[in-house]
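Chains as they are written, first to last, in our numbering: chain A, 1 to 303; chain B, 1001 to 1266.
Heads up, none of these hints are tricks.
Simulated restraints on C-beta separations:
{"id": "1", "chain 1": "A", "residue 1": "Ala-117", "chain 2": "B", "residue 2": "Thr-1063", "range": "56 to 62 angstroms"}
{"id": "2", "chain 1": "A", "residue 1": "Phe-41", "chain 2": "B", "residue 2": "Asp-1134", "range": "30 to 36 angstroms"}
{"id": "3", "chain 1": "B", "residue 1": "Ala-1240", "chain 2": "A", "residue 2": "Arg-209", "range": "42 to 48 angstroms"}
Hints listed in this document are in silico derivations from the structure and should not be mistaken for laboratory results.
Each residue gets a CB set at the ideal place from its N, CA and C atoms; glycine is no exception.
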Amino acid sequence: MTLPALSITPAPGKAMLEAAPTATADVVPIPRPAGPESVRFGERLKGFFAVTLPPAATLLVVLVVWEMLASSATSGLPSPTRIWMESKELILNPFFDRGGVDKGLFWHALTSLKRVAIGFSLAAVVGVALGVLVGSSKLFHRGLDPIFQVLRTVPPLAWLPISLAALREANPSALFVIFITAIWPVVINTAVGVRNIPQDYRNVGQVLRLSPFEYFFTILLPAATPYIFTGLRIGVGMSWLAIIASEMLLGGVGVGFFIWDQYNASRISDIIVALVWVGLVGFALDRLIAFIGHVVSRGASAQ
Amino acid sequence: MSKAYLSIEELGITFRNGAKSSEVLRGVNLQVDRGEFVSIIGHSGCGKSTLLNVVAGLLPVTTGAVILDGTAVESPGPDRAVVFQNHSLLPWLSVYENVRLGVDKVFKSTKSRAERHAWTLENLALVQMVHAKDKRPSEISGGMKQRVGIARALAMEPKVLLLDEPFGALDALTRANLQDSVMEIHAKLGNTVLMITHDVDEAVLLSDRIVMMTNGPSATIGEIERVELARPRNRIAVDATPPYINARHAVIEFLYSRHKAVREAA
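Take the sequences, apply the hints, and build the full model.
Below, the structure is given as structure tokens:
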């Protein structure tokens, strides 16, 4: 099988070499085919539609079904067209501010986000520290893990009366609820990440005689980073859940309170608009943490 | 006490797991001279990796002692750099940074920043990996990773270089390439090397002496075969010579006739 192939292959090359000096040829301009840029652009456009069309179609179907179900006069929930008519200003202008709590949804979301930023940052710092402790020491793991496993199942709102009783003010209580909700996934995932550092990396640290400080920053933290960011992603989602719930009870400015306020005013359309905001902001938070994780772990953690 | 550079004396290792204890090594004695290349060969589960880990200091001695250059080994250290079987480069660091990490640690007080940079590059050049210095381990091939692992170990200027089946996970051609590189480096630097292997040809080609381990539990050194081949060695030139054939035969005879692999262990 291979022999004929071997004897044939050099032949064309040889022929070309011999023919080269004598051959003359006119230069024929070849019509330029579709350039690589336009091909690439077409491919990209195709890719873009492949990603965006299915969710757009789903959305359309949901809206149509909703419209049909909710268009009867007796329906308790407004249809999409009624929401558009009733809450047009709220949808189109999220930035108005008429003082007090009469503000656009952007300002409500911003206030909620500020609370989440503070509570979640605290949870991230304390959670990673506790997770490293639990992950690297058997003693601490035995002592703390059972308590964490019980506490993490307590629902966010159950913490609210306790934090109100202890802190006596609405704002710190809301922050505490976010903190205590978001911390558990961070602690647990960090601990798993630290415990799962491959023995090889530990050996490298030992052979190099890294100090505990050097080991922490050159090996432990980078090795656990993908796990830590998994915890942070779950944590940020949960803290967003917690803020909405706790604002409903605490009042003031914020998306959670806005929803409660509109419910009391029986403006269901406004509530649905706010729900869309809540969903989109939560989605954006999740993506943000995933993106930071992707950058920090240099591509090791999934986006 | 012997005057050898690296001396393993009456070494015994017993692992304890609760009430159960298993003796892995018993009465291991080995003297390695400065600049000598010694291979340790044996069937799976004979405790050869345990032996290497004890010399590295990663496992504690149960009885006996390991003495390197007059000092007993008690903990891991850069004077006994290890090239691990699965390279164990840190994936979040570039090739350069992986080597530099060891260089910075060992020569923090003795070399300036510029000198440490030059030394890192020099060692990467030794394994022909300067071209990939800014790549991450995930972006280079298995053979290249192992080269970087060797550079990292060499850059620490260890008293003894410990190779734990360094080429075990590589294909035959890449392995041959790396073996040649290791021989060149050994010729150039004169390192003292202790290598674990399960490849008879590799052991014969690279070593001055081949240490053959009996099967565990309670494994020990069965025989030591000296390879009477002059250096530098060329794998093609030595292949059919009597010393090569004799050494190869002695090892194969030991491994497959007198100390067959225990079925359960294999």
